[in-house]
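Which chain is which? The protein sequence lines are A and B, in order.
My numbering puts the first residue of the first sequence at 26, with every later residue one more than the last.
My numbering puts the first residue of the second sequence at 26, with every later residue one more than the last.
Honestly, the hints are just simulated from the structure, not real lab data.
Treat the hints loosely; a few may be bogus.
Because identical chains share one entry, a pair is satisfied inside a single copy or across any pair of copies.
To be verified - Cut-off 30 Å, straight-line C-alpha distance, at most; resulting in silico cross-link-like pairs (DSSO-like, lysine-lysine):
#  : residue 1 : residue 2
1  : K295      : K53
2  : K245      : K82
3  : K123      : K245
4  : K295      : K123
5  : K82       : K42
6  : K221      : K53
7  : K295      : K82
8  : K205      : K123
9  : K205      : K295
10 : K221      : K205
11 : K123      : K53
12 : K117      : K82
13 : K245      : K205
14 : K117      : K42
Just so it is clear, the structure is predicted and the values come from calculations on it, not from any experiment.
2 protein chains.
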Amino acid sequence: MTAHTHQTAPTQFVEAKGIRFAYRRFGKAGGLPLVFNMHFTGTMDHWDPALTDGFAKDREVVLFNNAGVSSSSGDVPTTVEDMGANAVAFIKAVGLPKVDVLGFSIGGFVAQEIALQAPGLVRKLVLVGTGPRGGQGMANLTPEAQRIFGATYDPPDEIWLAGFFTPSEASQAAGREFLKRFRLRVKNRDPEVSEKVAPAQIEAIINWGAQRDGSYDYLKGIRQPALVVNGSDDVFIYPVNSFILQQNLPNAQLILYPESNHGSQYQYPKLFVQHVSIFLDG
Amino acid sequence: MTAHTHQTAPTQFVEAKGIRFAYRRFGKAGGLPLVFNMHFTGTMDHWDPALTDGFAKDREVVLFNNAGVSSSSGDVPTTVEDMGANAVAFIKAVGLPKVDVLGFSIGGFVAQEIALQAPGLVRKLVLVGTGPRGGQGMANLTPEAQRIFGATYDPPDEIWLAGFFTPSEASQAAGREFLKRFRLRVKNRDPEVSEKVAPAQIEAIINWGAQRDGSYDYLKGIRQPALVVNGSDDVFIYPVNSFILQQNLPNAQLILYPESNHGSQYQYPKLFVQHVSIFLDG
Numbered sequence: 026m027t028a029h030t031h032q033t034a035p036t037q038f039v040e041a042k043g044i045r046f047a048y049r050r051f052g053k054a055g056g057l058p059l060v061f062n063m064h065f066t067g068t069m070d071h072w073d074p075a076l077t078d079g080f081a082k083d084r085e086v087v088l089f090n091n092a093g094v095s096s097s098s099g100d101v102p103t104t105v106e107d108m109g110a111n112a113v114a115f116i117k118a119v120g121l122p123k124v125d126v127l128g129f130s131i132g133g134f135v136a137q138e139i140a141l142q143a144p145g146l147v148r149k150l151v152l153v154g155t156g157p158r159g160g161q162g163m164a165n166l167t168p169e170a171q172r173i174f175g176a177t178y179d180p181p182d183e184i185w186l187a188g189f190f191t192p193s194e195a196s197q198a199a200g201r202e203f204l205k206r207f208r209l210r211v212k213n214r215d216p217e218v219s220e221k222v223a224p225a226q227i228e229a230i231i232n233w234g235a236q237r238d239g240s241y242d243y244l245k246g247i248r249q250p251a252l253v254v255n256g257s258d259d260v261f262i263y264p265v266n267s268f269i270l271q272q273n274l275p276n277a278q279l280i281l282y283p284e285s286n287h288g289s290q291y292q293y294p295k296l297f298v299q300h301v302s303i304f305l306d307g
Numbered sequence: 026m027t028a029h030t031h032q033t034a035p036t037q038f039v040e041a042k043g044i045r046f047a048y049r050r051f052g053k054a055g056g057l058p059l060v061f062n063m064h065f066t067g068t069m070d071h072w073d074p075a076l077t078d079g080f081a082k083d084r085e086v087v088l089f090n091n092a093g094v095s096s097s098s099g100d101v102p103t104t105v106e107d108m109g110a111n112a113v114a115f116i117k118a119v120g121l122p123k124v125d126v127l128g129f130s131i132g133g134f135v136a137q138e139i140a141l142q143a144p145g146l147v148r149k150l151v152l153v154g155t156g157p158r159g160g161q162g163m164a165n166l167t168p169e170a171q172r173i174f175g176a177t178y179d180p181p182d183e184i185w186l187a188g189f190f191t192p193s194e195a196s197q198a199a200g201r202e203f204l205k206r207f208r209l210r211v212k213n214r215d216p217e218v219s220e221k222v223a224p225a226q227i228e229a230i231i232n233w234g235a236q237r238d239g240s241y242d243y244l245k246g247i248r249q250p251a252l253v254v255n256g257s258d259d260v261f262i263y264p265v266n267s268f269i270l271q272q273n274l275p276n277a278q279l280i281l282y283p284e285s286n287h288g289s290q291y292q293y294p295k296l297f298v299q300h301v302s303i304f305l306d307g
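Chain A extracted, bound-state conformation:
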């Protein structure tokens, strides 16, 4: 498509449902684009360039801010269902008839909603550090998440060392490498999210996580091949939820990485890109 990379791709805008969606698009055109759905309070600049540029070698990558997040207008909905509807509207507004969808954490909830609400739009799903509706320990933020999000960090982005990596030396070292990559884009970087984002996203997370009879039944309706990925020691969304996703989705592969937390894909970026590429190309 262009010679753009994670660092240089310009932020573009598209309107749908009265929302002005900010997005970036780069990588090798011609195949199915991979659309990324971001985690709690993250912007387009919270993706790891090792992943986005890694995938961009072989396929087009589409990053966007969902409604109310950073450079996108509108309000953050308080349900994942509405976030999914907004994401579907965005993908259609960009003019993409079929895509692969990757979602991380709450972005993984949104990815499931996209597949449920617009099954014809989605070829394959990549669900990272995420879980099903009503999963285990998902009725609220986990005690670990409450502790990590309740603390202060200087500089503030060091919160991700605590949230995405384990305390082990190897994981923290990988975390510091991640932060270096995370900070690389300086020019035209997305503004951090407003103070209205976290409360609305937390309400949506709690709505999604509440356990009900038959919480997992809806997964039978997601017929797309799915790849579920998580770290062995995810303290935000416990890894058993990845196992539950795999066991209840009709066609899902599971990969759990060793000695890693919620950001296992940032701890093993090359391996993750390799595994996901095999899955998407297979």
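Using the hints, position chain B against chain A.
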């Protein structure tokens, strides 16, 4: 090493602990050999050539019959610990100072024992369709295993269509392809096991599977990087046991394949060889 393949590799013999071990060795020499540990009542000819020849392109492959199995002399022990000790003796007798170890089903129990008893001998572990000591549903053969092993099949090797593959059309089709490959070696094929093998192996399986307090504690002693692989619907060793292995081993990656049973690696042989090769070479 040689131009031999799964079909042509001659059966060789080596003595250790008073046992004459039958083995075959082929593939690209120079790196660490991958030693295969076979499942319940299987012989060297029960490995899928798509796997063994697949791996042999990049590494040396060592197949063997443990004590009392098929063309190896001696008695089948009634504990996995003793099977592990025999396997260690075999590997040392062949003169291999360090190896990667793959085990399938009861062979995965033996692989864990090899790593525990001779940690310096093992670089990496691949544990397929297997579980920990005292895993879930492992105190006896599962009801499904009892039904499948209690039935008769004509030809007899069609038991593996029931035991290794799901009833789905896609899985059964993959199973028939597996059986074709499984039957390819006609010349110098291993004799099927004697009637003494199954009872001794079942006793060992039940010993290993009995739940005790702290059943999984020993896994902390297996420090090697491990790759745990299973099918989503394994009816012989339930897939939750692969999750338990991953969660309790200090350094383990888990891969579960979709819509597959105990023989998931034979349903997705190319993908399995690719995933295991990435793990072994990483």
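Ascending list of hint numbers which this structure does not respect: 2, 5, 6, 8, 13
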